[in-house]
Amino acid sequence: MSSAPSPAIPVVALARLCGSHQKRQLGTSPYNGSDTKRSKSAVHTSVSSSKRHIVEVAANDETQQPVLRLLPDCFNIQLKYIAAGATSAITAGALWNAIREGTYHGSPVLLKELTKPTVATIREVNRIASLTLHLHHPNVVQFLGLSWDSPEKPLYMLTERPGRGDLATLLANGESFDVTQVVSMLLDVACGMAYLHGQSQAVMHRDLRARNIHISSDGRAKIANLEFGGKLSVDRTLIGTPAWAAPEILRGQSDYDEKVDVYSFAMLAVEMLNRKPPYTDEYKNARELLHDISAKHRRPRIEERQKWPISLLHLIEECWFNDASQRPAFHTIVQRLLAIT
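In the working numbering, the protein residues as written are 58 to 398.
These aren't lab readings, by the way, just hints derived from the structure by calculation.
Every value quoted in this text rests on a predicted model; they were computed, and no experiment measured them.
Incorrect hints may have been included.
[Stated by the list, open to error] Cross-link-like lysine-lysine pairs, in silico, DSBU-like; alpha carbons within 30 angstroms at most:
| # | residue 1 | residue 2 |
| --- | --- | --- |
| 1 | K210 | K173 |
| 2 | K364 | K341 |
| 3 | K353 | K341 |
| 4 | K364 | K353 |
| 5 | K210 | K137 |
Starting from the given sequences, assemble the full structure and let the hints guide the process.
Next comes the structure, spelled out in structure tokens:
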């Protein structure tokens, strides 16, 4: 099913649409959710434009070049103010050795731990911090800062801590969501992605799936783990998890754009509707699955289709079009989901 592309919606109008959704969901301003208030209190409110902090680590050569970019002082967090707790159930991913729950000045945070930082991993942390430093949206997990006392100690990246953990864990533990909850969470994600794609240089996520969606204590969905994210001008490689990856990525194309996130959004929706990852029990051979997705336009089954609004099913099918140019933009997805709610 195809549809004519929608005209671009002004950023202010999009913010009002997403904001009205948040107000209906929470009965508060979209910036006043309980988790967001707690995370904002963990950030220093004043930023000195003149004072900058730089962390250096010895390189393998003799240059000992600094590998963290200059950060405002308020994002340089002293370890003494952090209380690290138990390892979180949230999966650490490839870069981090562990993710711990903790507090910073009494506010709940997640601590992404890099036990033995190297020049290469510190450069990657620097890239992630630089990317997320200026992102502020109620549906994007807030970056709070970095803490690293010395090269011999672990480095920590701090983010706000979701009240209920990640969506994949909730689904795996048997959590069931009704139509209203599913549409509301998908709308949260679409609002966050519209914000990321609406930056002066669009920011891609490139690994959009339930594991990377955090759920706050009031049921709000927040996009997390922008480790694979980047500006459109940055390297385009095989990124993300294959079952959620767009066919153009699986085909090895180097000219893909932000519409890869729209495809992954469709896979996330299927994951929520089926309460399990896409293609579960459909394939035993991963190579065959990837071939069928990229070459034969294979898509996952949606179970119990009668439970879900036909307009939602049609939207999912448009989002997974093989032709990326035919997939709707996230500002259009926001409007379509608002019509369902």
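Status of each hint after checking the structure:
1. K210 - K173: Measuring from Cα to Cα gives roughly 7 angstroms; hence the hint holds.
2. K364 - K341: It holds: about 28 angstroms lies between the C-alpha atoms, which stays within 30 angstroms.
3. K353 - K341: Since the Cα atoms of K353 and K341 sit roughly 17 angstroms apart, the hinted pair holds (cutoff 30 angstroms).
4. K364 - K353: 28 angstroms, holds
5. K210 - K137: Given pair K210, K137 holds - Cα atoms ~13 angstroms apart, limit 30 angstroms.
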